[in-house]
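Protein chains in written order, with the working numbering: chain E, 1 to 769; chain U, 1 to 163.
Keep in mind the hints are simulated off the structure, nothing from the lab. For every residue, glycine included, the Cβ atom is placed at its ideal position computed from N, Cα and C. Be careful, since some hints might not be right.
[What the hints assert, rightly or not] Quick list of in silico lysine to any residue cross-link-like pairs, SDA-like style, CA-CA up to 20 angstroms:
{"#": "1", "chain 1": "E", "residue 1": "Lys-38", "chain 2": "U", "residue 2": "Glu-125"}
{"#": "2", "chain 1": "E", "residue 1": "Lys-588", "chain 2": "E", "residue 2": "Asn-477"}
{"#": "3", "chain 1": "E", "residue 1": "Lys-58", "chain 2": "E", "residue 2": "Lys-38"}
{"#": "4", "chain 1": "E", "residue 1": "Lys-38", "chain 2": "U", "residue 2": "Lys-85"}
{"#": "5", "chain 1": "U", "residue 1": "Lys-146", "chain 2": "E", "residue 2": "Leu-694"}
{"#": "6", "chain 1": "U", "residue 1": "Lys-146", "chain 2": "E", "residue 2": "Met-698"}
{"#": "7", "chain 1": "U", "residue 1": "Lys-146", "chain 2": "E", "residue 2": "Pro-649"}
{"#": "8", "chain 1": "U", "residue 1": "Lys-3", "chain 2": "E", "residue 2": "Pro-18"}
{"#": "9", "chain 1": "E", "residue 1": "Lys-38", "chain 2": "U", "residue 2": "Glu-32"}
{"#": "10", "chain 1": "U", "residue 1": "Lys-146", "chain 2": "E", "residue 2": "Thr-164"}
{"#": "11", "chain 1": "U", "residue 1": "Lys-146", "chain 2": "E", "residue 2": "Thr-692"}
{"#": "12", "chain 1": "U", "residue 1": "Lys-146", "chain 2": "E", "residue 2": "Asp-124"}
{"#": "13", "chain 1": "E", "residue 1": "Lys-631", "chain 2": "U", "residue 2": "Pro-67"}
{"#": "14", "chain 1": "E", "residue 1": "Lys-38", "chain 2": "E", "residue 2": "Asp-124"}
{"#": "15", "chain 1": "U", "residue 1": "Lys-85", "chain 2": "E", "residue 2": "Arg-30"}
{"#": "16", "chain 1": "U", "residue 1": "Lys-3", "chain 2": "E", "residue 2": "Val-123"}
{"#": "17", "chain 1": "E", "residue 1": "Lys-554", "chain 2": "E", "residue 2": "Gly-595"}
{"#": "18", "chain 1": "U", "residue 1": "Lys-146", "chain 2": "E", "residue 2": "Leu-635"}
{"#": "19", "chain 1": "E", "residue 1": "Lys-449", "chain 2": "U", "residue 2": "Lys-85"}
{"#": "20", "chain 1": "U", "residue 1": "Lys-146", "chain 2": "E", "residue 2": "Arg-636"}
{"#": "21", "chain 1": "E", "residue 1": "Lys-554", "chain 2": "E", "residue 2": "Pro-581"}
{"#": "22", "chain 1": "E", "residue 1": "Lys-86", "chain 2": "E", "residue 2": "Thr-164"}
{"#": "23", "chain 1": "E", "residue 1": "Lys-38", "chain 2": "U", "residue 2": "Pro-120"}
{"#": "24", "chain 1": "E", "residue 1": "Lys-283", "chain 2": "E", "residue 2": "Arg-254"}
{"#": "25", "chain 1": "E", "residue 1": "Lys-631", "chain 2": "U", "residue 2": "Leu-129"}
{"#": "26", "chain 1": "U", "residue 1": "Lys-3", "chain 2": "E", "residue 2": "Arg-636"}
{"#": "27", "chain 1": "E", "residue 1": "Lys-353", "chain 2": "E", "residue 2": "Gly-413"}
{"#": "28", "chain 1": "E", "residue 1": "Lys-631", "chain 2": "U", "residue 2": "Glu-125"}
{"#": "29", "chain 1": "U", "residue 1": "Lys-3", "chain 2": "E", "residue 2": "Asn-126"}
{"#": "30", "chain 1": "U", "residue 1": "Lys-146", "chain 2": "E", "residue 2": "Ser-650"}
{"#": "31", "chain 1": "E", "residue 1": "Lys-38", "chain 2": "U", "residue 2": "Asp-31"}
{"#": "32", "chain 1": "E", "residue 1": "Lys-441", "chain 2": "E", "residue 2": "Met-698"}
{"#": "33", "chain 1": "E", "residue 1": "Lys-12", "chain 2": "E", "residue 2": "Lys-588"}
{"#": "34", "chain 1": "E", "residue 1": "Lys-133", "chain 2": "U", "residue 2": "Val-64"}
{"#": "35", "chain 1": "U", "residue 1": "Lys-3", "chain 2": "E", "residue 2": "Pro-649"}
{"#": "36", "chain 1": "U", "residue 1": "Lys-85", "chain 2": "E", "residue 2": "Lys-12"}
{"#": "37", "chain 1": "E", "residue 1": "Lys-38", "chain 2": "U", "residue 2": "Arg-27"}
[Unchecked claim] Computed, partial: chain U to chain E, Cβ under 7 angstroms:
{"#": "38", "residue": "Trp-23"}
{"#": "39", "residue": "Leu-33"}
{"#": "40", "residue": "Ala-49"}
Take a look at the letters that make up each chain.
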Amino acid sequence: MVATARPGKDFKVIGTRPVRHDGLDKVIGRALYGADLKLPGLIHGAVLRSPHAHARIKKIDTSKAEKLAGVFAVITGNDMPLAPSKVVDLVEGAENMRYNSDKVMAQDKALFKGHPVAAVAAVDQNTALEALKLIDVKYELLPPILNVGEAMAKAAPIALEDLTGNHLGKKVPHTNVASHNRHEFGEVDKAFSSCELVVEREYELATVHQGYIEPQNATADWNAEGRVTVWTSTQGAHGVRKQVAGVLLLPESRIKVVPMEIGGGFGGKISVYLEPLAALLSKKAGRPVKMVMDRRSVFEATGPTPGGRVRVKLGVDRKGRMLAAEADLRYEAGAYPGSPIARGMTCIMAAYKIPNTRIDGYDVIVNKPKTSAYRAPGSTHAAFAMETVVDEVAERLGMDPVKLRLLNAAREGDRRPDGPRHPRIGCVEVLEAAMASPHWKSKLVRKGKDGRVRGRGVAQGFWVNAGRESSVAISVNGDGTVQLVEGSTDIGGSRASIAMQAAEALGIGAQDVWPIVVDTDGIGYTDVTGGSRTTYATGAAAIKAADLVISEMKKRAARHWNREPGDIAHGDGRFFSKSDPELKMSFKELSARLGETGGPVVGVGTVNIPDAGGAYGTHIVDLEVDPDTGKVDILRYTAIQDVGKAIHPSYVEGQIQGGAVQGIGWALNEEYFVTDKGAMANSSFLDYRMPTALDTPMIETILVEVQYPTHPYGVRGVGEVPIVPPVAAIANAIHDAVGVRLNQAPMKPGRILEALAARPAARSNGRKA
Amino acid sequence: MAKIPIQFTVNGEPREMMVEPAWTLLRTLRDELLLTGTKEGCSNGNCGACTVLVEGRSVNSCLVLAPEADGLEVTTVEGIARNGKLSHVQEAFVQEGGLQCGFCTPGFIISATALLRRNPNPTEEEIRLNLAGNLCRCTGYDKIIKAVMRASAAMASGGAPAT
C-alpha cells in the first residue's frame, strides 16, 4: 500500500515496478561474487586467529610453515607497516587506521578471540590450512573484559593500553571508556520533579551479527610496478581503497578496488578485514592471492553490532505530555573505539518533542571483535529502551500507545535532543497511518490454541539517514539507450533505483538505462552504500548527470535544426523547437545523430549532500506466547514507514520486510553466547539462530510518502529504519499478551518463562481493546 | 591424496573426472567444473546456499562428497533455465523481486524447483516448510514466498515450464 501524504509531481518511471537489471544474472547463477573469481597464477590465503580473547603475543615462530611445500608467503604483525593515527570517515562510522591495521593483524596483543595473528598464502586452500598448524604462537594470557560493566569497573584490566579516553572533553588515560559524550537541553532534574508520572527502566542487549550469507572475501594482486588490485565484497570500493591505503601506507592512486557482486552487508562490509592481508601476501608471494572467510571467522572476527546497556527515564504530565527525559547508553565498541553510540544518542528521543532532555553515551572497549555498522547502527538498542518505556507510560495512563506517541510526536522545526532542528519529517504521518491501518483497527483474538495467549505491540523508530558524496557518469548510445556508470555497490536494488531516476530525468524507459557498478579507476569518488544514502545521494548525482546529458542534447538538436539552443525544449521524452512545433525528435532519434552534431554525449554528475531526510517507521505486531514453553510466534506484522518518495515500491517494501525480519530475529533468537573466557560458543548458523521462512509471517507494509525537499524527486533513505522498531514492538506485544515486561534482548523462551514465573499472581493487561 | 575417478551427469551433460575423496560436491562443482552459481555460505549444511538437485532431490552440496555423486544426476542453478528460457521459478523470482543481494538465490531457486516438481500447488505453509533450509537475510522471505506462489500459478495456467 502506498499513501502519498504530500503529493508531488507526476512521474512516468518513478513509482513503477520494472524488473531489476541484475535479476537475470542472479537467478541463473551468472552473477559473479568475490569467491567466484579465478585468475591465472592464483594462490590461496588463510588466517591464523587467536584462540584467546585477551593475550599478549610473546613470540611467533613461522619457520616450519615457511618450509612446507606449496607455501609461498607467511606474514605476521611484523610485516604490517606501522600505520599512523589517521581517522578515515566511512559514513557509517569513522576508523582510525592505526587501530584498523591492528584489527586486521594483531601487533602486540590479541584483543578478541579470532584476532588474526598470522596469515599464509599457499598453492591451495588445504596447504594453507596445513601451514597454519605449523605456526607456533606463544601467548601470555590476560583477563578478558566481556561487557560494559566489567570494562567500567574500578581496577578493570585495560584492553587498549595506549588509549586516551575523551570523557566530556577531558583527556583520560588508562581507561576502557573511549568516549563519554552528553547532549543536554533545558532543566531536566527540575522538570522531572513536576511530572505526574516518571518511569525509569534499564535494558540490556546481547551482541548480534549482521548475518549476511556471503562470507567476507578478498583477492589481491600486487604487481611488479607496485600497483595493487583488490577484488572484494564491499559496500564501498572507494572506502576499501581509503582503508587499504591507510593501513598499507600507499597512495590511493596505486590501488584499484574492484567491487564484486556483494552477498549482503547491512553495514558489516564497510570495514576491511582480509584486503590488506591479501595484498601483503601477494606482494611477498608475487602472485595474486585469494582469501575467503569461513563462517566461524565471520562470526568471531567481523563486526557484529554491540551488546550494551541503555537506561531511560521518562516523565509526563497527567495528559501524557512528555516533559523530561534522560537516557544513558553504554555500547560495547569491541576491541577498538567506535561503537555506534553517537547514533544511538541521536535516535533515542528523535521521535518526540521533549523540552528537557539529557542523553549520555559511552563508547566502551571490551575484548570482543570491533563492532561494525548494522542497519541503523545504534538505533535499535535505543528504541528497545525508549519505546518500551513509552509503552509503559501509555499503559499506566490508560492511553492508546499510538495516541500517546502522536501527542508528543516530533515535527518539522522541533529541536532534536542531540541538537539539530528537524527538517521535513514524517513522524506524525506514519503514526496517523498506523492508527488508520487495517492492522491497528482489527480486533485481536486474545486466545490461541492450547493455552497460548496473544498480544499486540507497537513501537516507533527513527534513523537519521545520510547524503554525502557520489559520482555518476551517463553516456548516450546511438540506439537511444544509455550506460549509467556508478560507484555505489548494489546490495538491495539500487541499480534499479538509480537507473529509474536517470530514466525519469532523461525521459526514457527504465530498461533503456543500463546501470553498471565499476571499480575505483572507473568512476569518481563515491561513499559507501550505507546510511540509507544510495538511492538518495547517488540518485541525485544520476539526475545531475542526466540533466547535463539533456542540456547537451538540446544543443545538438539546435545544431541539427539550425536553431538557437534556447529555442529547444525537452519534455515527454522528446526534444522540440519552441518556435516551430513541426520540429520534434525523440531521445532515440536524436541519439542516432550525436556523431554528426559534435560527437558523443557523456554527462557526469557529482554531489556532496551534507544532510538527508531522516526516516520514521511505526511497526505493529501481533504475536502468540506459549506460557508452557516461553516460545513466541509472530502472527501478524505491519510496518508503516515514511519513505519520502518510493522510487521502486517493491524494492522499498523489500527493504522494509528484510529489516523487520532481522529485527524479529534480534528480538527473539539472535545473540552471541560468550563464555567467561570470551569465546563465542555459537559461531555457526545452526546455533546462531536467524529467522527462517518458517519463523516469519508475511510482512505487511504501508509506504507513507512525505517527500524530502532537498532531493529533486523527494527521496529519503528507506533501508535502515525498519530494523529499529521490531525489538521494542515485540517486547510491548509480549507484555500485552502475558503481562510481563522484558528488559533483555533476545526475549528467548527461557527468559520469558523466568519472567512468567516471577510475575505477581494478578495479571495486568495494558492495552485497552 | 590419490584421486579416484567418478562419472556423473551435471546439468544433463555426462562428466568423467578425477576427484580427491575428501572433495565435497560443492567444491567439485565450483572449483573443478567452474559452476560457481552454487554458493558457499557456511560449509556445514545450515544456510542452503549450496543447494543442488541430486537425482531430483534438493541437497546441500557442501555435505556430499564428490565420490558419493558417482553415477548420479546433478542439476545446479546453471541447469535450470533451458535453451535460454527461464523456468517459471526463475521468472517469478525476477518478477516478484524475490531476491536482493542474490547470494542465497541459487539455493532458493533449486529448493523451490524441487518443491514444485513434487507438489505443483503448495500452500504457503508448505512453501515455508520446504524453504526453511535456505537462509535469506535480505528479503524477510515475503517476496520469495510470493515468487514461489506465482511460479506455482504460472505452472497451473499451462505455460511451457522449463522446470
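Verification of the hints:
1. Only pairs whose Cα atoms come within 20 angstroms are accepted, and Lys-38/E paired with Glu-125/U is rejected, the gap being roughly 40 angstroms.
2. Taking the CA atoms of Lys-588/E and Asn-477/E, the gap is about 9 angstroms. The hint holds against a cut of 20 angstroms.
3. The straight-line distance between the Cα atoms of Lys-58/E and Lys-38/E is roughly 38 angstroms, outside the 20 angstroms bound, and the hint therefore fails.
4. Distance restraint check for Lys-38/E and Lys-85/U: the Cα-Cα separation of roughly 27 angstroms exceeds the 20 angstroms cut-off, and the hinted pair is therefore not satisfied.
5. For the given pair, Lys-146/U sits about 14 angstroms from Leu-694/E by alpha-carbon distance, which is consistent with the 20 angstroms threshold.
6. At roughly 9 angstroms between alpha-carbon atoms, Lys-146/U and Met-698/E fall within 20 angstroms of each other, so this suggested pair holds.
7. Restraint check for Lys-146/U and Pro-649/E: the C-alpha separation of about 16 angstroms stays at or below 20 angstroms, so the hint holds.
8. As the CA atoms of Lys-3/U and Pro-18/E are separated by approximately 49 angstroms, the hinted pair breaks the 20 angstroms bound.
9. Of the supplied pair hints, the one linking Lys-38/E and Glu-32/U holds, its CA atoms being roughly 11 angstroms apart against a limit of 20 angstroms.
10. Taking the CA atoms of Lys-146/U and Thr-164/E, the gap is near 53 angstroms; set against the 20 angstroms cutoff, the hint is violated.
11. Using a Cα cut-off of 20 angstroms, the hinted pair Lys-146/U and Thr-692/E holds, with the two alpha carbons roughly 15 angstroms apart.
12. Of the pairs offered as hints, the one joining Lys-146/U and Asp-124/E is violated, with about 42 angstroms between alpha carbons and a cut-off of 20 angstroms exceeded.
13. Pair hint Lys-631/E plus Pro-67/U does not hold up; C-alpha atoms about 42 angstroms apart against a cutoff of 20 angstroms.
14. Restraint check for Lys-38/E and Asp-124/E: the C-alpha separation of about 13 angstroms stays at or below 20 angstroms, so the hint holds.
15. Among the hinted pairs, Lys-85/U with Arg-30/E is consistent with the structure: their alpha-carbon atoms are about 14 angstroms apart, no more than 20 angstroms.
16. The straight-line distance between the Cα atoms of Lys-3/U and Val-123/E is roughly 18 angstroms, inside the 20 angstroms bound, and the hint therefore holds.
17. A distance of roughly 14 angstroms separates the Cα atoms of Lys-554/E and Gly-595/E; the hinted pair therefore holds under the 20 angstroms criterion.
18. Taken as a hint, the Lys-146/U and Leu-635/E pair is honoured in the structure, with Cα atoms around 17 angstroms apart against an allowance of 20 angstroms.
19. Our distance criterion of 20 angstroms between C-alpha atoms is broken by Lys-449/E and Lys-85/U, whose separation comes to about 46 angstroms.
20. In summary, the hint linking Lys-146/U to Arg-636/E is supported, as the alpha carbons are separated by about 16 angstroms, within the 20 angstroms threshold.
21. About 15 angstroms separates the Cα atoms of Lys-554/E and Pro-581/E, which keeps this hinted pair within 20 angstroms; it holds.
22. With a CA separation close to 15 angstroms, the supplied pair Lys-86/E and Thr-164/E stays within the 20 angstroms bound.
23. In summary, the hint linking Lys-38/E to Pro-120/U is not supported, as the alpha carbons are separated by about 38 angstroms, beyond the 20 angstroms threshold.
24. Distance check on the hinted pair: Lys-283/E and Arg-254/E sit about 13 angstroms apart at the alpha-carbon level, within 20 angstroms; holds.
25. Straight-line distance between C-alpha atoms of Lys-631/E and Leu-129/U comes to about 18 angstroms, which keeps the hinted pair within the 20 angstroms bound.
26. Note on Lys-3/U and Arg-636/E: the hinted pairing is violated, with a Cα-Cα distance of about 54 angstroms set against a maximum of 20 angstroms.
27. For a cut-off of 20 angstroms, the pair hint linking Lys-353/E to Gly-413/E stands: about 10 angstroms separates their Cα positions.
28. Straight-line distance between C-alpha atoms of Lys-631/E and Glu-125/U comes to about 19 angstroms, which keeps the hinted pair within the 20 angstroms bound.
29. The straight-line distance between the Cα atoms of Lys-3/U and Asn-126/E is roughly 15 angstroms, inside the 20 angstroms bound, and the hint therefore holds.
30. Proximity of Lys-146/U to Ser-650/E is assessed by CA-CA distance (about 12 angstroms); at most 20 angstroms being required, the pair is judged to hold.
31. Using a Cα cut-off of 20 angstroms, the hinted pair Lys-38/E and Asp-31/U holds, with the two alpha carbons roughly 9 angstroms apart.
32. For the hint pairing Lys-441/E with Met-698/E, the CA-to-CA distance comes to about 18 angstroms; that is within 20 angstroms, so the pair holds.
33. For the given pair, Lys-12/E sits about 17 angstroms from Lys-588/E by alpha-carbon distance, which is consistent with the 20 angstroms threshold.
34. Taking the CA atoms of Lys-133/E and Val-64/U, the gap is near 26 angstroms; set against the 20 angstroms cutoff, the hint is violated.
35. For the hint linking Lys-3/U to Pro-649/E, the alpha-carbon distance of about 53 angstroms lies beyond 20 angstroms, and the restraint is violated.
36. A hinted pair counts as satisfied when its Cα atoms are at most 20 angstroms apart, and Lys-85/U with Lys-12/E does not qualify at roughly 30 angstroms.
37. The suggested pairing of Lys-38/E with Arg-27/U holds, with an alpha-carbon distance near 14 angstroms, which does not exceed 20 angstroms.
38. Given the 7 angstroms rule on beta carbons, the hint for Trp-23/U is violated: about 10 angstroms separates it from the nearest Cβ of chain E.
39. Annotation: interface hint on Leu-33/U violated; nearest CB of chain E at approximately 12 angstroms, more than 7 angstroms.
40. The restraint placing Ala-49/U at the interface with chain E holds, with a minimum CB-CB distance near 6 angstroms, inside the 7 angstroms limit.
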